[in-house]
Amino acid sequence: MTAVEGTYAPAPGAAPLWRMLAVQTTFETRLLLRNGEQLLLTAIIPVVLLALLTAVPVFDTAGYERVDFLVPGILALSVMSTAFTSLAIATGYERRYGVLKRLAASPLPRWALLLAKALTVLVVEVLQVALVCGLGWALGWRPHGSVLAVAVLFVAGTLAFAGLGLLMAGTLRAEATLAAANLVYILLLVLGGVVIPFDQFPDAAASVLTTTPTGALADGLRDVLADGAAMPWGAAGILVGWAVAGFAAAARWFRWE
Amino acid sequence: MSSFRAVEIDALIKRYGGTIAVDGLTLSVDPGTITSVLGPNGAGKTTTVECCEGYRRPDAGTVRVLGLDPQRDAARLRPRIGVMLQEGAGLYPGARAIELVAHLARLHAQPLDVATLVDRLGLGDAGRTPVRRLSGGQRQRVALAAALVGRPELVFLDEPTAGLDPQMRRSVWELLDELRADGVTVVLTTHLIDEAERLSDDVAIIDDGRLAAQGSPLELTKQDESTVQFTGPPRLDLASLRQALPEETALDETAPGRYVVRAHVTPQLLATVTSWCAAHDVMPEGLHVGRRSLEDVVIELTGRRPS
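Respectively, the protein sequence lines represent chains A and B. Counting from 0, one number per residue, gives the positions in the first sequence under numbering that gives the first Met the number 0. Counting from 0, one number per residue, gives the positions in the second sequence under numbering that gives the first Met the number 0.
Calculated from the structure, these hints are not laboratory results. Quick caveat: nothing in here was measured; it's all calculated off a predicted structure. Quick reminder that beta carbons are idealized off the backbone N, C-alpha and C, glycines included. Take these hints with a grain of salt, some might be off.
[Claimed, not checked] To give an idea of the chain B side of the interface with chain A (calculated C-beta under 7 Å), a few residues:
id : residue
1  : Asp58
2  : Pro78
3  : Leu84
4  : Leu106
5  : Gln109
6  : Arg150
7  : Asp181
[Claimed, not checked] Simulated pairs of lysine to aspartate or glutamate, EDC-like, Cα-Cα distance not exceeding 20 Å:
id : chain 1 : residue 1 : chain 2 : residue 2
8  : A       : Lys100    : B       : Glu86
9  : B       : Lys221    : B       : Asp193
10 : A       : Lys100    : B       : Asp72
11 : B       : Lys221    : B       : Glu294
12 : A       : Lys100    : B       : Asp68
13 : A       : Lys100    : A       : Glu174
14 : B       : Lys221    : B       : Asp200
15 : B       : Lys221    : B       : Glu196
16 : A       : Lys100    : A       : Glu256
Only chain A is shown next, with the shape it has when bound in the complex (with noise of 0.2 Å):
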């Protein structure tokens, strides 16, 4: 090759796959937690729910003190925030403006593109989970139980809901995916255990919504955190088969553009 001057001349090269993985993780992080409505559902409406349903008894908690009962709501509805709400809508919105197809076509692989969405996924989740928790201690918030039971309830809810957000972000239009994901939202935050009990529902309802993965990991937790049990195994029992089923079917029906 003749060795050319001058500002243009031809140096390419890729950076080393682990700067490429922090840039792309900072870079999305910074993008998630500069846009208002997603910090609406990420933070400020799980921040709301906690202080005043702590503060004023507006349902019944089904024998627990009341912050007992609801930081693992809380939590629970985080997670779904995080890596279902927002990771759906904003992937379905990269698609739609070409953006994963333009990255395909970068030195970032689509494996690591993938891990860097799940790392965003993974410090916004501590964010808020050091939000809701710090404001649930200054609420009188005492947890007992297993860290570890925790960790593993976190990242197969994590798992079980980012496998159902690609799967809706790569097969529906971005509006559709910003309508149903909000939607869902709402629904499962009413329906999934998350401020209202599940006896509170008729038993056939009950036993429907604590199989959702909202339920399932608001019921995990409160297991754990409240209760002190050990591993709650048919809560991650459903978890796993929700994030087996969600990522299997992203994988046969996502589309880049």
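Given chain A's structure and the hints, the job is docking chain B onto it.
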């Protein structure tokens, strides 16, 4: 120059369902040149370029870019090429213009200086504006900056100046000249004939998914015949002029009021045309004797004006 080709496409076929988008296209691009892929909408320009970029898997034929297979060797090829999608697509709507270019820069080993590049494209003022609030022309330029920032050897630009005002278009043309001078190979699609003529070392005219002609603008417009062109009132009755001219002369009104005589042009023939004009009280404005234009070639090859 070595026999190495920056792009080598051989008998490429690409179908979408029942329709054939690219139908046996053969095309090559020499390194360090600007090649324009010119043709009407739907001719297969974008599909061809997207086969080179690795987005589309050819149904038949071969595509080699920098000697690599865009499908099999995608991971090795991607860092070496720059890509600008049509209409400047592919930008995060929530990102700010400079932030986005800087982000893509960080995915590369030795990127260009982002601030300089963004200034060069006249985006300095828009740098902190989110992409979703940029004008179409600004978005185009951000996408162009994103294609160049990784210091690629080869860039594919899909209609890079669409939606730009004339001043910005000229500025982008100058930038592409600088890229070539610095050794970057440029492949662009366009339906603007003046753009292809002004920029290209090589023009590939595509029609109905096939290569209709390829060569430098000079080669494409070269021919034995030359033309006499003039403009006058539209829809003149040319019958008497046709009779006065030698038999194998072609005489057409290619656009309303625009007349083209194709023949072996001699001083006598020119005199015949002008005296016919005088007899009919027609002022032949812009009277011009010369080779045909690239536009004439395109219309002749494709039967229509690229639009």
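Agreement of Lys221(B) and Asp200(B) with the hint, judged by alpha carbon distance not exceeding 20 Å: Holds. Lys221(B) to Asp200(B) sits at ~15 Å (cutoff 20 Å).
Satisfaction of hint between Glu196(B) and Lys221(B), Cα-Cα up to 20 Å: 14 Å, holds
Hint consistency between Lys221(B) and Glu294(B) [alpha-carbon to alpha-carbon, up to 20 Å]: 13 Å, holds
Per-residue hint verdict: Gln109(B), partner chain A, C-beta under 7 Å: For Gln109(B), the interface hint holds, since the closest Cβ of chain A sits about 4 Å away, which is under 7 Å.
Agreement of hint Leu106(B) with chain A interface, Cβ distance less than 7 Å: 5 Å, holds
Pairwise hint evaluation, Asp193(B) against Lys221(B), where the allowed Cα distance is 20 Å at most: Roughly 17 Å separates the two Cα atoms, so the pair holds.
Agreement of Lys100(A) and Glu86(B) with the hint, judged by alpha carbon distance not exceeding 20 Å: Since the Cα atoms of Lys100(A) and Glu86(B) sit roughly 13 Å apart, the hinted pair holds (cutoff 20 Å).
When the least beta-carbon distance from Pro78(B) to chain A is tested against 7 Å, hint result: Cβ of Pro78(B) sits 4 Å from chain A, so the hint holds.
Given hint Asp68(B) paired with Lys100(A) - CA-CA distance at most 20 Å: Distance ~19 Å between Lys100(A) and Asp68(B) Cα, so the pair holds.
Restraint outcome when Arg150(B) is required to lie within 7 Å of chain A by C-beta distance: With a closest approach of 4 Å, the Arg150(B) hint holds.
Evaluation of the interface hint that places Asp58(B) against chain A, nearest CB under 7 Å: 18 Å, violated
Restraint check for Lys100(A) with Asp72(B), where alpha carbons must lie at most 20 Å apart: It holds: about 17 Å lies between the C-alpha atoms, which stays within 20 Å.
In summary, the one numbered hint that this structure violates is 1.
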